[in-house]
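Colleague: Chain by chain, the residues:
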Amino acid sequence: MPLAHSPTTVPVTVDEEKCIAHKGCTVCVDVCPLDVLRIHDETKKAYMKYDECWYCMPCEADCPTGAVNVSIPYLLR
Amino acid sequence: MDEIANGTETFDCDVLVIGGGTAGPMAAYKAKKKNPDATVVLLEKANVKRSGAISMGMDGLNNTVIPGHATPEQYTKEITIANDGIVNQKAVYKYAENCFDIIQELDSFGIRFLKDETGDYDVKKVHHLGTYVLPMPNGDTVKKALYRQLRRARLLITNRYMATRLLTGKDGRIAGAMAVNTRDGTFLVIRAKSVILCMGAAGRLGLPTSGYLFGTYENAANSGDGYAMAYHAGAELSNLECYQINPLIKDYNGPACAYVAGPFGGYTANNEGMRFIECDYWSGQMMQEFFNELQSGKGPVFLKLDHLHNKTIEEIESTLHNVERPTRGRFQHGRGIDYRQEMIEMHISEIGFCSGHSASGVFVDENARTTVDGLYAAGDMASVPHNYMLGAFTNGRFAGEDAVEYAGSVDFAKIDEDQVAIEKERVLAPTKLEDGIPPNQVEYKIRRLVNDYLQPPKVTKKMQLAQERFAEVREDLKHMVARDSHELMRAMEVHSIIDCADMAAAASLFRTESRWGLYHNRTDYPERDNENWFCFSQLFKNQEGAMDLKKRDVDPYVVPIDDEEKDIYDKQRVEAQA
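Taken in order, these protein sequences are the chains called F and D.
Read the first sequence against the working numbering and you will find it ends at 92, with the numbers running on by one and no gaps.
Read the second sequence against the working numbering and you will find it ends at 643, with the numbers running on by one and no gaps.
Hints are computed from structural coordinates only; laboratory data are not their basis.
Do not rely on the hints blindly, as some may be mistaken.
To be verified - Here are the computed lysine to aspartate or glutamate pairs in the EDC-like style, where the Cα-Cα straight-line distance is at most 16 Å:
no.	chain 1	residue 1	chain 2	residue 2
1	D	K510	D	E537
2	F	K60	F	E75
3	F	K64	D	D67
4	F	K64	D	D549
5	D	K315	D	E407
6	D	K209	F	E31
7	D	K209	F	E32
8	D	K155	D	D549
9	D	K497	D	E552
10	F	K64	D	E537
11	F	K64	D	E407
What the hints assert, rightly or not - Just a sample of chain F residues kept apart from chain D, beta carbon distances all over 12 Å, derived:
no.	residue
12	P22
13	T23
14	D30
15	E31
16	K33
17	I35
18	H37
19	K38
20	G39
21	E57
22	T58
23	E75
24	G81
As the list claims (entries may be wrong) - Sample of chain F residues facing chain D (criterion: CB under 8 Å; computed from the structure):
no.	residue
25	L49
26	P79
27	S86
Even glycine gets a Cβ: it sits at the ideal position worked out from N, Cα and C.
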């Protein structure tokens with residue numbers, strides 16, 4: 016069965032100006048209990064790869080530069 | 066990251082703790098403290114720094130037994146009554162006797178507890194009878210404080226490995242476990258003399274009303290893997306029909322926190338703003354009244370704070386919007402809800418298994434031992450009713466100390482290479498398919514069916530239909546495709562979820578009476594039947610490899626309960642005044 020691509024808006028956004036992943040920081044990726052954040056191969060910044068968010072907030076709380084922001088997932092808010 | 070690497074790794078240890086949330090870290094820590102020469106490994110699906118139910122801390126200890134405020138006898142009596150008499154009192158009593166030691170230890174870790182002007186613990190009454198709730202002013206730091214101790218004790222921590230199955234030796238005792246790396250699919254075989262399961266509740270069983278798979282009450286990583294693993298290893302599970310069903314903020318699906326607001330004067334109310342239950346402590350009987358109020362047309366149910374002073378509400382907000390589920394504040398802000406102006410709308414959650422708040426868990430004795438030699442369980446997944454976070458810590462300690470002693474007295478059980486080969490094939494199967502059904506769709510389907518057919522009030526015919534539908538969806542598991550290691554983790558979680566769904570149906574059909582209020586409200590057997598059902602239901606995998614159940618007697622009480630006391634929790638509805 017071939018797979019389709021369905022878009023979803025993601026709850027966690029990263030301010031690329033503030034994000035220091037390009038310097039080697041992986042804090043948000045490290046702490047996420049659902050393992051949904053990754054460092055982008057090209058931009059070298061953190062982003063939410065999978066829309067599987069418990070809107071728990073360690074990513075935002077532990078980010079050293081305040082680059083990460085957690086919103087309530089669209090289906091709930 | 067996330068590409069399948071196709072390797073296998075192995076290691077040996079004396080004590081393997083699976084699950085690094087709450088009970089797990091304490092179990093590992095205590096095992097190491099008791100025997101510094103033992104190899105103790107803490108295996109975690111995510112990262113121990115922020116994993117599990119208390120990822121963002123906890124606002125208080127909900128079940129303390131502090132000298133001067135409560136006695137172990139009072140506490141054991143309260144939990145026995147709250148759980149309609151079916152408890153292992155020895156385990157509850159032992160927890161009650163020892164939890165104060167743990168409080169003092171947490172204090173030494175840097176965790177603060179609310180004290181009054183005289184310097185005494187400021188314990189709050191939330192339960193129906195006694196006083197056990199103790200707020201923690203810096204409760205947001207619990208994980209950090211715990212992690213610091215694990216680092217100091219030089220505990221070996223292995224993050225980003227999802228355990229999939231236990232290994233057992235020829236005589237049925239524990240031999241180790243198998244796991245898969247969530248970021249590159251490496252298969253891990255661990256030889257262990259003892260294993261402690263601390264993998265949390267089955268929180269991805271029912272589907273939240275939002276339809277968002279991860280908008281669960283429990284940490285969404287808690288997919289019931291522990292329950293499934295214990296089952297497949299031959300351990301018995303108790304009272305799985307005693308579901309967890311919680312009163313939560315509608316849509317947000319997190320706690321409204323009557324335990325925090327109650328001591329300040331907040332309370333659960335109907336749409337007229339009137340109290341209808343005397344006590345906001347989570348129990349099946351309380352949830353039944355919640356459900357009845359909804360059916361009566363006086364719903365929805367709300368948490369009412371708008372009658373409180375502005376400063377009081379500020380204090381409540383500073384806890385609710387900073388600890389445990391801090392995005393609550395964002396949710397209310399987005400909805401334009403101000404606690405000063407309107408009540409907080411609540412609803413009845415999806416079903417799950419949990420013994421932190423309910424009583425559905427792997428059977429354990431007072432030393433946290435399961436029915437499999439060398440296998441232990443603690444925390445939300447171990448059946449010591451209503452054990453909450455302090456129970457996870459205290460029972461985790463019992464597990465760690467007993468396991469390391471046991472490990473010192475045995476050799477490794479021989480690993481069965483066939484078990485390993487079968488499991489490796491099962492785990493990696495979704496990566497071998499070119500296309501198929503993605504795990505998220507199979508998961509949605511199973512959980513939607515759980516809602517349709519298992520949500521109480523339970524109907525026999527519906528539960529039987531559920532079993533047929535689950536069997537059909539089980540056939541789809543072999544068509545599940547995982548395009549990377551992350552999706553592979555989700556595929557393995559689907560296996561746990563469908564196992565838990567089958568267990569929920571089987572256990573509910575087994576107990577032919579109603580008990581525990583809404584948690585096991587069976588329309589076809591509406592009365593409690595103590596003559597035939599004053600016992601545990603024990604679910605297990607039988608010789609034929611099929612799901613089976615049997616009764617287990619309740620051990621004689623260590624704290625007697627008078628007849629007049631037994632149904633106090635049934636009398637929660639506020640009586641109309643003349």
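Colleague: Determine whether the non-interface label on E75 of chain F survives the test: each CB of chain D must be over 12 Å from its CB.
Modeller: Answer for E75 of chain F: violated, closest chain D Cβ roughly 9 Å.
Colleague: Assess, step by step, whether the Cα of K209 of chain D is no farther than 16 Å from the Cα of E31 of chain F, and give holds or violated.
Modeller: violated, 27 Å
Colleague: When you check the alpha-carbon spacing of K64 of chain F and D67 of chain D, does it fall within 16 Å?
Modeller: Roughly 11 Å separates the two Cα atoms, so the pair holds.
Colleague: Keeping to a limit of 16 Å between CA atoms, is the pair of K497 of chain D and E552 of chain D held or broken?
Modeller: Since the Cα atoms of K497 of chain D and E552 of chain D sit roughly 13 Å apart, the hinted pair holds (cutoff 16 Å).
Colleague: Does K510 of chain D pair with E537 of chain D here, judged by a C-alpha cut-off of 16 Å?
Modeller: Between K510 of chain D and E537 of chain D the Cα gap is close to 11 Å, so the pair holds against 16 Å.
Colleague: With chain D as the partner, please determine if P79 of chain F meets the hint condition of a C-beta pair closer than 8 Å.
Modeller: Given a least distance of 14 Å, the restraint on P79 of chain F is violated.
Colleague: Report holds if the minimum CB distance from G81 of chain F to chain D is greater than 12 Å, and violated otherwise.
Modeller: Non-interface label stands for G81 of chain F: nearest chain D Cβ at 15 Å, farther than 12 Å.
Colleague: Holds or violated: are the alpha carbons of K64 of chain F and E537 of chain D at most 16 Å from each other?
Modeller: Outside the cut-off at roughly 31 Å; violated.
Colleague: Next item in the hint list is S86 of chain F. Is there a CB on chain D closer than 8 Å to its CB?
Modeller: This interface hint holds because 7 Å falls under the 8 Å limit.
Colleague: With the threshold set at 16 Å, check whether the alpha-carbon distance from K60 of chain F to E75 of chain F stays at or below it.
Modeller: holds, 15 Å
Colleague: Once the closest CB in chain D is found, is it more than 12 Å from T58 of chain F?
Modeller: holds, 15 Å
Colleague: Evaluate the condition: distance from the CB of G39 of chain F to the nearest CB of chain D exceeds 12 Å.
Modeller: At about 15 Å from chain D, G39 of chain F clears the 12 Å cut-off, so the statement holds.
In the structure shown, a violation is registered for the earlier hints numbered 6, 7, 8, 10, 11, 13, 23, 26, in ascending order.
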